Amino acid sequence: MTIDVMTTSESASAKKATRDIYLPPERKIVAGGGTAHIVAKNFSIYYSEFEAVKKVSADILSKYVTAIIGPSGCGKSTFLRAINRMNDLIPSCHTSGSLLFDGEDIYGKYTDEVLLRKKVGMVFQKPNPFPKSIFDNIAYGPRLHGVSDKKKLMEIVERSLRKAAIWDEVCDRLDKNALGLSGGQQQRICVARTLAVEPEVLLLDEPTSALDPKATAKIEDLIQELRGSYTIMIVTHNMQQASRVSDSTMFFYEGVLVEHALTAQLFTNPKDPMTEDYITGRFS
Amino acid sequence: MNIGTRKILDRSFTAVGIGSIIVMALALMIVVVPIVSNGIGAIFFTGTIEHRKMLHNEFQRGNIQNLASEVASSDRYRARLYEMLTTFEGELETMVPEKKREYKSQYSQVRTALQALLGPLPGETIPMLTRFKYGQTRWEKAEERLHELLYESKWDNSDADVMGKEYFVSRAKAFEGTSLAPIFPYVKTNIRKMLLPEFTLYWGFITDSSVDSHFFGGIWPEIKGTFFLAIGAMLFAFPLGVIAAIYFTEYAKPGFFNSMLRSANSTLAGVPSIVFGMFGLAFFINTLKVSESKSVIAGSLTLAIMILPTIIRAAEEAILAVPKTYKEASLGLGSTKWNTIATVIIPAALPGIITGGVISLGRAAGETAPIIFTAAVSVGSAIGLADVFSSPTPALSWNIYNLASEHEAAAQIRHVQYGMVLALVTIVLLLNLSAIVLRARISNKLKG
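Protein chains in written order, with the numbering used here: chain W, 5 to 288; chain B, 27 to 474.
Okay, chain W solo, but in the shape it has when bound:
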C-alpha cells in the first residue's frame, strides 16, 4: 500500500484524539471488562470433513472494533461469515460448539436467520450494490422490513448516507444507478445500505481489499466515525489497517485463534511467539 507517509502520521494522531473522545467509559477497562456481544465457545466450522475453524473460544465486546488478522486460508473470513450465518449458502458447511449473539445461540434450532441478519449486517470484500438507483439500494432493507412511507424512507436514506459519509457526494443524484459510482463510493453505499437496517453488529469482510489507497482511507475514516455506535468486526490482510482502526485484534492461524487481545497490546507486546513472527512479517 502506498499511502503518503505524512498523511498517515497526521491521520494517526488525529485518530488518537478521536479515539479518546469516542471511547465509551467501559472501554477504558482492559479487554474482557466490557459486555460481551458475541461469545464463541469451542466453536468449530467444517466444510464437509475439513475443519476450517478449530474450537475457537472468544468474547467479542460490545461497541468495540475487533480486527481479525491472519494469513490467507486461516479461517478468518469463515469465522466472520458464521456470525450472520452467511455460510448457510454453502451446502457442505456445518458447525459444532456454540456461538452466542446476545446470549442466544446463532446456530440454535429455532434461530431465525433472517432476523439475525437484520441485527448483524455485513459488508463484503467486493462492493456489491444492486443494479438499482442509489435511493432504492439504501431503501431496500427498510422496505423489506415494512417501511413503505416515502417520507420516512427518505429520512432513513439520508441518515444512513450521512452516517456512511457519502451524503454530500450523492445527495443530488439519488435516482441514478449505484453501479455508476466509483468503487470506493460503491463500498460506502454498501455500508450505508447495511446501516439503513439499523443493525447492532457490523461485519466487514476485507472491505478495502478491492479499493485504491484513497478510497481505503475514506473507509477507514468511516470506521472511526462508526466506532462506539456499533459492534464492528473487520477482517483484514493489512496489519497497519488493523492497528489503525481496531480496539482489539484476533490473530488466526490455520483455523486456530492464536491470540486475542487489545490491539495496542497485541501489536506492541504479543504473548504468543507465532503472533510476533506474523506481525513482524516473518511469515505471511
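No lab work stands behind these hints: they were computed from the structure. Quick caveat: nothing in here was measured; it's all calculated off a predicted structure. Yeah, the Cβ is synthetic: ideal placement off N, Cα and C, and Gly gets one too. Check before you lean on any hint, since a few could be wrong.
Each computed DSS-like pair below joins lysine-lysine, with the alpha-carbon atoms no more than 25 Å apart [what the hints assert, rightly or not]:
no., chain 1, residue 1, chain 2, residue 2
1, B, Lys279, W, Lys180
2, B, Lys130, B, Lys180
3, W, Lys130, B, Lys471
4, B, Lys350, W, Lys180
5, W, Lys180, B, Lys180
6, W, Lys113, W, Lys59
7, B, Lys473, B, Lys363
8, B, Lys363, W, Lys123
9, B, Lys350, B, Lys473
10, B, Lys279, B, Lys350
Not everything, but these chain B residues come out facing chain W in the computed CB check (under 8 Å) [as the list claims (entries may be wrong)]:
no., residue
11, Thr351
12, Tyr352
13, Glu354
14, Ala355
15, Leu357
16, Leu359
17, Gly360
18, Ala374
19, Leu472
20, Lys473
With the hints as your guide, set chain B onto chain W.
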C-alpha cells in the same frame, strides 16, 4: 512453435472464419431474396380489371363509378371477340363431319384458354368456384395464359430413348382459312384493352379473409391464428418455465432426482416436434379432453410443452449469470430467500429470461408439426378470443405447407405461398428484433 508459424496459423484461421461467414451469408441471401421479392409481389403487383371486379364483388371495395366505366371500355373490345366466336360456331355447323370433329376439339381448347384469360364467356352458366368466376387477376399470369391461347403445346416423343420435348404450334395456323383465325392477332393486340392492367397495392392480401381456398390471397385468419397459438403457448410455458428455472437454480438440492429432472429437460428439448404433435392429440384432446376436437387451446398447450425446455434452459442460465454477490448482499440485509429471488435475482436476470422467452415465442409461431393434429385447419375464418377453447384455426406455418403441397391449384398460387412465407418470416423477425431491443433497454437500465 516459432512466431512465423503462429502468425501463419492465426491468419489462415481468420481466413477460414471469414470464408465460412461469407458462405453462410450467401446461402441466406439465396433463401431470403426470392422470399422477399416474390412475397412482396403478393401485395404489390400489376392487377387487371378482373382483380378489381373480384374486390368489388367479394369485398365491396373499390370505386364503383370507375369500375363501371372500366368494365364498359373493356367490354367493348370483348364484345367484338365474342361476336367472332359466335360467327365461328355458325361456321362449324356448316362443316363436313370429319373437319367439324377435328376443329371442335381444338376449339374447345381455345374456349378454355379464353375462359382462363377473361373469365366466363357469354352464354355459359356461372361457375360455383370463385376462382372460375373471374379471368386472370394478375397481369404476369395473364401473359402466360395468352401464350397458352396463341400456341398449342405438343410433345415430341419420337426418340424413345430421351425424354419427350415440348414444342409449340401456333393455333392461328391450325385455324387458317376459318373465321376463327383472326381472333388470335385480335386478342394479342387488344389484350391490354380487355384487361386494363395497372399497378395495384393489395393490402387486402394481409387483412382479408381467404376466398375460395386462398386463391386470391387473404391471409388474415392465418396471421391471427398464428398469434393466438404462439401467445397462448407463451401464457402457459413462460411462467411455468421461469418457476422451474428458479426451482432448479435456487431450491433444488443436488441428488439423483434432480439430475434425472435436468437430463429429462435436456432430452425433451431434442424430441422431434411431430412427436409433440402426436402427444398433444393423445394427451390434451383424447385424454384430458380440453376440447372436443382440434382447438387453439390444445395447439397452444402442445406448443407450450414443446418450448418449455428452451425457456427453462434460458431462464436457468440467466439466473446463474446473476452475480452471487447480489444474493449475498440481499440475504445479508435480512431478506428472506423468496424476497431475494423476487426483488434482486429475477430483475437482474430479466434480460436473459425475456430473450429466451421471445425466441421461444418465435419458434412457437413457426412450428408446423405440433399443430397439425391439435389446432390447424386449411381454410377457416378468423377466430375471436372467445373461440379459442372450441374452434381450430388456420395458421401460417401449416397453411404454407398446405398451399404448397396439398392445394389443388398449388402451381397457380405461388404468389400466395410466397406472401405467406414472407408474412411468417416477418413476424418471427419482428419478435426477435423486439427481444433484442427489450434486452438492450433493460440491461441499460440495470447498468445505469
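Status of the hints after comparison with the structure:
Between B:Lys279 and W:Lys180 the alpha-carbon distance is near 38 Å, which puts this suggested pair outside the 25 Å criterion. Distance hint between B:Lys130 and B:Lys180 is fulfilled; the C-alpha atoms sit about 18 Å from each other, no more than 25 Å. Note on W:Lys130 and B:Lys471: the hinted pairing holds, with a Cα-Cα distance of about 22 Å set against a maximum of 25 Å. Distance restraint check for B:Lys350 and W:Lys180: the Cα-Cα separation of roughly 23 Å lies within the 25 Å cut-off, and the hinted pair is therefore satisfied.
Annotation: proposed proximity of W:Lys180 to B:Lys180 is violated, straight-line Cα distance about 80 Å (limit 25 Å). For a cut-off of 25 Å, the pair hint linking W:Lys113 to W:Lys59 stands: about 20 Å separates their Cα positions. At roughly 24 Å between alpha-carbon atoms, B:Lys473 and B:Lys363 fall within 25 Å of each other, so this suggested pair holds. Proposed proximity of B:Lys363 and W:Lys123 is supported: the alpha carbons are some 17 Å apart, at most 25 Å.
Simply put, B:Lys350 and B:Lys473 have alpha-carbon atoms about 17 Å apart, close enough for the 25 Å limit, and the pair holds. Restraint check for B:Lys279 and B:Lys350: satisfied, since their Cα atoms lie roughly 17 Å apart, inside the 25 Å limit. The interface hint given for B:Thr351 is met, as the beta carbon of that residue sits about 4 Å from the closest beta carbon of chain W, less than 8 Å. With its C-beta approaching chain W no nearer than about 6 Å, B:Tyr352 sits inside the 8 Å limit, and its interface hint holds.
Given the 8 Å rule on beta carbons, the hint for B:Glu354 holds: about 6 Å separates it from the nearest Cβ of chain W. The interface hint given for B:Ala355 is met, as the beta carbon of that residue sits about 5 Å from the closest beta carbon of chain W, less than 8 Å. Interface hint at B:Leu357: satisfied, since its Cβ lies 6 Å from the closest Cβ of chain W, which is below the 8 Å cut-off. Taking 8 Å as the C-beta contact cut-off toward chain W, the hint placing B:Leu359 at the interface holds, the least distance being around 4 Å.
A cut of 8 Å between beta carbons decides the hint on B:Gly360: the least distance to chain W is about 3 Å, and the hint holds. Evaluation of the B:Ala374 hint against chain W yields a held restraint, the C-beta minimum of about 6 Å falling below 8 Å. Evaluation of the B:Leu472 hint against chain W yields a held restraint, the C-beta minimum of about 4 Å falling below 8 Å. Look at B:Lys473: its Cβ gets to within about 6 Å of chain W, closer than 8 Å, so that hint holds up.
Taken one by one, the earlier hints fail for this structure at numbers 1, 5, listed in ascending order.
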